[in-house]
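Read top to bottom, the protein sequences are chains U and Y. Count the first sequence with this note's numbering and you get residues 1112 to 1210, in order. Count the second sequence with this note's numbering and you get residues 157 to 300, in order.
These are calculated hints, taken from the structure and not from any lab test. If you're wondering where the values come from, they're calculated on a predicted model, not measured in any experiment. Don't be surprised by glycine CBs; every beta carbon is placed ideally from N, CA and C. Any given hint might turn out to be false.
Sample of chain U residues facing chain Y (criterion: CB under 8 Å; computed from the structure) [said to hold, decoys possible]: (1) L1175; (2) F1179; (3) L1193.
Straight-line C-alpha distance at most 20 Å; calculated SDA-like pairs for lysine to any residue [stated by the list, open to error]: (4) Y:K226 with Y:R212; (5) Y:K226 with U:E1198; (6) U:K1192 with Y:D300; (7) U:K1192 with Y:V167; (8) U:K1192 with Y:R166; (9) Y:K226 with Y:D300; (10) U:K1192 with Y:A224; (11) Y:K282 with Y:S187; (12) U:K1181 with U:R1150; (13) U:K1192 with Y:W165; (14) Y:K226 with U:E1191.
To be clear about the criterion: a stretch of chain Y counts as covered by chain U if any three or more of its residues have a C-beta under 8 Å from a C-beta of chain U, and this derived list gives those stretches [as the list claims (entries may be wrong)]: (15) 166–172; (16) 179–189; (17) 237–244.
What follows is the residue order along each chain.
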Amino acid sequence: MTIRMDPEQNEVRALRGVADWRGQRVLEIGCGDGRLTLRLARLGATVEAIDPDPASLRLARRQLPARFAKAVRYRLGEAEKLRYPDESFDRVVFAWSLC
Amino acid sequence: MVHALREAWRVLRPGGLLVDLHPGVRHRRLSLVRGGQAQPVAAMRETFADQRAADRAITRFRQGGPGAAKPPAQFLGYTRLECSRVMDGLDDLREWLADFMTRDDSLPPHDWLVEQVEQVLRQSGKARIVVTGPLDLRVLRKGD
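The following block holds chain Y by itself, in its conformation from the complex (with noise of 0.2 Å):
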């Protein structure tokens, strides 16, 4: 991740922003919606592994010591938004779920989800899957 941050300053103009996205400490949450109406399920269980290192990094970069970014970089905002992902059905959880896998390898199995939401379409009708979790955005200036 340092490297990535060193490199991406070294490419960046004086004066430029560096923008980091990515998913907050924060365990996403499902919900089935029907007609506008919301029935929370269940949370998933990420680890954050990944996502607390990121953090460290950024915050290394910003406020000196070893790995710091040269020349130096001036925090200019954090701000949290939530963010939903809208499914049609089962298949989509499913194959979003072994998407996130190859892509975060901390993410323990999630069939109990799965199942559990199964289960509660079985006895409530059809709906839309809803998953929402945090976004995290932290902008850096590049000094003079």
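Chain U with its partners taken away, still in its complex shape (with noise of 0.2 Å):
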């Protein structure tokens, strides 16, 4: 399948008009194959990623560039049930998971 999603980089272009993402640590929550996580990441966020669907994470860490290993951590995890002690995020980041 070839589908290139936002080529014209109105999400991040979004994104950076809203907030620092620089050294800021992120909870991206539903980040399905990591598309938008890789943005945060470029953006300059530490982000951990999660969502409910084990293929989806497995799909994104396969596709996780080397130079990024060490700004995201994949895992899995439901929204409603978030296994993050208190205060630990400075941003929030609902990817399409709200709805």
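Relying on the hints, combine the two individually framed chains into one complex.
Here it is, written out as structure tokens:
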């Protein structure tokens, strides 16, 4: 399958416009195959990315470039039961996952 | 959704930002593009049930009352942006629609759309398939 999502980069432009992501600890909820995760990492964030679908996470891990290995961590997880301490992230992103 | 928002709020530090990004309520448009020229073909027939529920949940969360954010949320902004998917052929479109239906069970079958695109491609030759729709981005700040 050859599908290019948002080739105009409107999404990343909008994200850059609403906040500074450099050095921020980000929780991304519903990361899927990691498309947005990598965009957040490119903006300078450290991303903990969760998704309830193991197959999507396998794909995301396979596609993770070595240069982001320290900035991105993929984990199995659900939005309703986050296994993180209180007040542990600077940003939380619902990536198409609230609906 | 309310549980998810509460959980997100719990793990967010005071002053931190919650960013919600999801498709906006407007039917996606499909065009065929060749040589930089776009030929509109059809609009999809999404129901938007999930999107409307998410919009309501966010509104309740930031405006107070039952299900409201504690500590309160400061609404920092809303942006609508256009987001497109570019596909090389009908197989990509079929696969994308199938994937879409697994994620959104309210989406009615879109076989008619594939047939319509197939017919236009047969008449006018190879083209890229571009599906464009709005994305809504909302930002809330957690109070100190």
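Here is what the structure says about each hint:
1. L1175: 21 Å, violated
2. F1179: Violated. Min distance 20 Å.
3. L1193: With a minimum Cβ separation of about 5 Å from chain Y (threshold 8 Å), the hint on L1193 (chain U) holds.
4. Y:K226 with Y:R212: 17 Å, holds
5. Y:K226 with U:E1198: 13 Å, holds
6. U:K1192 with Y:D300: 23 Å, violated
7. U:K1192 with Y:V167: Measuring from Cα to Cα gives roughly 11 Å; hence the hint holds.
8. U:K1192 with Y:R166: 11 Å, holds
9. Y:K226 with Y:D300: OK: K226 (chain Y) and D300 (chain Y) at ~10 Å, within 20 Å.
10. U:K1192 with Y:A224: Within the cut-off at roughly 18 Å; holds.
11. Y:K282 with Y:S187: 12 Å, holds
12. U:K1181 with U:R1150: 15 Å, holds
13. U:K1192 with Y:W165: Holds. K1192 (chain U) to W165 (chain Y) sits at ~12 Å (cutoff 20 Å).
14. Y:K226 with U:E1191: 16 Å, holds
15. 166–172: n = 6 at 8 Å, threshold three: holds.
16. 179–189: That given contact is violated, which follows from only 1 residues of the stretch 179–189 of chain Y lying within Cβ reach (below 8 Å) of chain U.
17. 237–244: Holds, because 8 residues of the stretch 237–244 of chain Y bring their Cβ atoms closer than 8 Å to Cβ atoms of chain U.
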